[in-house]
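Enquirer: For reference, the chains in residue letters:
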Amino acid sequence: MTVEITGIILMFLITVLFAYPLGKYFSKVFKGEKTVTDFMNPVERFFFRVCGIHPDESMNWKQFLKALLTINLLWLVYAFFLLIFQDKLPLNPDGNPGQTPDLAFNTAISFLVNCDLQHYSGESGVTYLTQLFVITFLMFVSAATGITALIAVLNGLREKTTQNLGNFWNIFTKTITRILLPLCIVGAILLVFSGTPSSFDGKDSLTTLQGDNVQVSRGPAAGMIAIKHIGTNGGGWFGANSAHPLENPTYLTNMLEMIMQMIIPLALIFTLGFYLNRRKLARVIFGIMTIGMLCLVIPTIISEIGGNPAIEKMGVSQLTGAMEGKEVRFGPAASGYWSTVTTIISTGSVNSMHDSSMPVSGVMQMLGMMINAFYGGCGVGLLNYLIYIIIAVFISGLMVGRTPEFMGHKVEAREVKIATLVTLLSAFLIKGFTALAAYMVAHHPETGWAVQPANWLNNPSYHGFSEMLYEYTSANANNGSGFEGLGDNNIFWNVTTGFVLLLARFIPIIGPVAIIGLMASKKFIPESPGTLRTDSWTFGVVTLAVIIVINALSFFPALALGPIAEYFSLK
Amino acid sequence: MISLKLTLVMIVLCAVLYPLFISGIGRMAPGGGKGVTVAVNGKVVGYERIGQKFTEDKYFWGRPSAVDYNAAGSAGSNKGPSNPDYLQIVQDRIDSFLAHNPGIKKTDIPADIVTASGSGLDPHISPEAAYVQVIRVAAVRKLPEQKIKNLVDTHVEAPLAGVLGPSRVNVLKLNIALDALK
Numbered sequence: 308m309t310v311e312i313t314g315i316i317l318m319f320l321i322t323v324l325f326a327y328p329l330g331k332y333f334s335k336v337f338k339g340e341k342t343v344t345d346f347m348n349p350v351e352r353f354f355f356r357v358c359g360i361h362p363d364e365s366m367n368w369k370q371f372l373k374a375l376l377t378i379n380l381l382w383l384v385y386a387f388f389l390l391i392f393q394d395k396l397p398l399n400p401d402g403n404p405g406q407t408p409d410l411a412f413n414t415a416i417s418f419l420v421n422c423d424l425q426h427y428s429g430e431s432g433v434t435y436l437t438q439l440f441v442i443t444f445l446m447f448v449s450a451a452t453g454i455t456a457l458i459a460v461l462n463g464l465r466e467k468t469t470q471n472l473g474n475f476w477n478i479f480t481k482t483i484t485r486i487l488l489p490l491c492i493v494g495a496i497l498l499v500f501s502g503t504p505s506s507f508d509g510k511d512s513l514t515t516l517q518g519d520n521v522q523v524s525r526g527p528a529a530g531m532i533a534i535k536h537i538g539t540n541g542g543g544w545f546g547a548n549s550a551h552p553l554e555n556p557t558y559l560t561n562m563l564e565m566i567m568q569m570i571i572p573l574a575l576i577f578t579l580g581f582y583l584n585r586r587k588l589a590r591v592i593f594g595i596m597t598i599g600m601l602c603l604v605i606p607t608i609i610s611e612i613g614g615n616p617a618i619e620k621m622g623v624s625q626l627t628g629a630m631e632g633k634e635v636r637f638g639p640a641a642s643g644y645w646s647t648v649t650t651i652i653s654t655g656s657v658n659s660m661h662d663s664s665m666p667v668s669g670v671m672q673m674l675g676m677m678i679n680a681f682y683g684g685c686g687v688g689l690l691n692y693l694i695y696i697i698i699a700v701f702i703s704g705l706m707v708g709r710t711p712e713f714m715g716h717k718v719e720a721r722e723v724k725i726a727t728l729v730t731l732l733s734a735f736l737i738k739g740f741t742a743l744a745a746y747m748v749a750h751h752p753e754t755g756w757a758v759q760p761a762n763w764l765n766n767p768s769y770h771g772f773s774e775m776l777y778e779y780t781s782a783n784a785n786n787g788s789g790f791e792g793l794g795d796n797n798i799f800w801n802v803t804t805g806f807v808l809l810l811a812r813f814i815p816i817i818g819p820v821a822i823i824g825l826m827a828s829k830k831f832i833p834e835s836p837g838t839l840r841t842d843s844w845t846f847g848v849v850t851l852a853v854i855i856v857i858n859a860l861s862f863f864p865a866l867a868l869g870p871i872a873e874y875f876s877l878k
Numbered sequence: 038m039i040s041l042k043l044t045l046v047m048i049v050l051c052a053v054l055y056p057l058f059i060s061g062i063g064r065m066a067p068g069g070g071k072g073v074t075v076a077v078n079g080k081v082v083g084y085e086r087i088g089q090k091f092t093e094d095k096y097f098w099g100r101p102s103a104v105d106y107n108a109a110g111s112a113g114s115n116k117g118p119s120n121p122d123y124l125q126i127v128q129d130r131i132d133s134f135l136a137h138n139p140g141i142k143k144t145d146i147p148a149d150i151v152t153a154s155g156s157g158l159d160p161h162i163s164p165e166a167a168y169v170q171v172i173r174v175a176a177v178r179k180l181p182e183q184k185i186k187n188l189v190d191t192h193v194e195a196p197l198a199g200v201l202g203p204s205r206v207n208v209l210k211l212n213i214a215l216d217a218l219k
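If you read the sequences in order, they're chains A and B.
My numbering numbers the first residue of the first sequence as 308 and each following residue consecutively.
My numbering numbers the first residue of the second sequence as 38 and each following residue consecutively.
Isolated chain A (complex conformation) (with noise of 0.2 Å):
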């Protein structure tokens, strides 16, 4: 056992020790600085050249978020089209069949927000030109938007006062050139080299030793699996996602994919410290974060390896712990690990069944989930930490009777309001639609849909109920893992998940632009003996203390339904 937790910290320390450089180096490149990369220049300028961007416009809130939501609705409108046709198109080799509208719907949202719930399964769902044209080209782009996103609020945060945030068309492409682009190939190599496919071959057959005739899925899996990874997209080229031998081979894999999925995350940490010249507000948020992922990583792992009690009364021996849904190359603690690291990074990739995790585990991650802010998604991650943060500026700023205000600037009405919505928003959309979906199978389970109410869940009971809960869950942090017994491919969670993707990825980067965007175009107000100082670590547990009301106070009696039930009958 000691064997596994080592491998764990080992995992994390060398994210850390990769990330803190990789964070300057981000700095550098959106400061315009010298970096190693810079032999990328010629081909960026002739991408301006060609696309008739001129790279040093400055770009006021509103004319930013125009440009992003624009560039989003075409991606949209681009996948969902491709999905429905690639029957008729190119690149199929297995014969698979074209998307029906609602699911090529939900899966080009899906993948357009970053969030990657799938549901088809990669080997019969897809062809090699939509998991290239559209899955592995939304990854980029999807994480390119949070992380542009997020220098935005930077940018707005650096000048004193400013209208300018910055070129959207010329952040966006530095993000694929200079990030992106040279991580996901040195990933896509290892991967390749430890047996992960990468040809264009469709499915073989061969009979195996005993004389059954079967079939192998492959395809140009690995570029996919990099991009997956380091752009916090989490959907797999396989159905098992990365748990299936070919998407994640070695325990060494393992280890990759989970230093990729964190590090860009982790990087954006110090790239704040080091592009605001904070360096001490970006150690009290990593260190805040970095509690709440230990938080949330401990008892996963101490009941997984502990087992299925269940199980542990038929009389067999769990020496490794509980292994439904869980592959004996990775083991209960760095499966463990993974589930909940993949749903507070929001990746939402698997190297293990979630639906078939212990109760425990099933709370961590789906709190995991509804925080959505230790460390979080690709640039998305730290502007949810910013909206905790004024909320709690705006609640410290009561309790000490002085007028909030976050580096520099006034926090007023105003932002306050967009930032109790952004949060709200959340606690909304979870509850009520699986309030609805509840309603649903437990008042109207003969409804004469194509897939009944009745048969939607994998498992009765509480677990039922988790497994609905999970799902919106998941859509809501843009996660996309999922309780995947959940029968989610009809009409019904095809549209409703699909808006709930689209509300709850694109307000919570519209509010905190806008909340920037409105500070920053305040009077600085220089800081003074009086200032509440944000970069405290007495602030960070203030946070943290928000952080924790506010889901307490949403979500608790929804998991004590599910999950914290389940945990007790399981006693």
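FYI, nobody ran anything at the bench for these hints, they're computed from the structure.
On a predicted model such as this, the values are computed, not experimentally measured, just so you know.
Just the calculated beta-carbon pair ranges, DEER-fashion: (1) Val193(B) <-> Lys620(A): 28 to 34 Å; (2) Ser204(B) <-> Pro328(A): 33 to 39 Å; (3) Pro400(A) <-> Met65(B): 20 to 26 Å; (4) Ala136(B) <-> Ile312(A): 34 to 40 Å; (5) Ala136(B) <-> Lys620(A): 16 to 22 Å; (6) Gly755(A) <-> Met65(B): 51 to 57 Å; (7) Phe863(A) <-> Val200(B): 34 to 40 Å; (8) Pro121(B) <-> Pro752(A): 15 to 21 Å; (9) Lys620(A) <-> Val200(B): 28 to 34 Å; (10) Gly402(A) <-> Asp129(B): 32 to 38 Å; (11) Gly755(A) <-> Ser204(B): 51 to 57 Å.
Some but not every residue of chain B turned toward chain A, in silico, with C-beta under 7 Å: (12) Ile39; (13) Arg86; (14) Ala112; (15) Ser154.
A virtual CB, placed ideally from N, CA and C, is assigned to each residue, including glycine.
We have chain A already, so just place chain B on it with the hints.
Expert: Only chain B this time, still in chain A's reference frame:
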């Protein structure tokens, strides 16, 4: 207009050039980027990393699979830990395992051999799950137990550098070596 042009540029970069480049590098990797296969007497019998179904008593069994080890798809059972139907299935597997392995105590059965893997294609079992099948395999093949046990010993893959990853046994490789035993 900028949106449209930049989209086209990024499609070429991220969905065409990048995957082609990785695919090109992949040709130099083991298996040429098509997956590493295992052959017996020149005939491909499987992929090194993809588990196979073994139900005959003369072979070591792998873990239960939700997709019956057909790698055209992949999935776990997605059964929750408290689901009564699921617990009954596990109980049946235990009973069946005991019936096929006379002389084994229930407490010797490790959980991984009676629970389904995450992918349905897990190529490995724990060393305990291999050792617990030695008596059966030896009896069916009419070979000395010690000889089979030694074979398992040589197929236990230890943690890398002693610290990374659980110990495990690749079932396909073990069974190929088993067929080669005289």
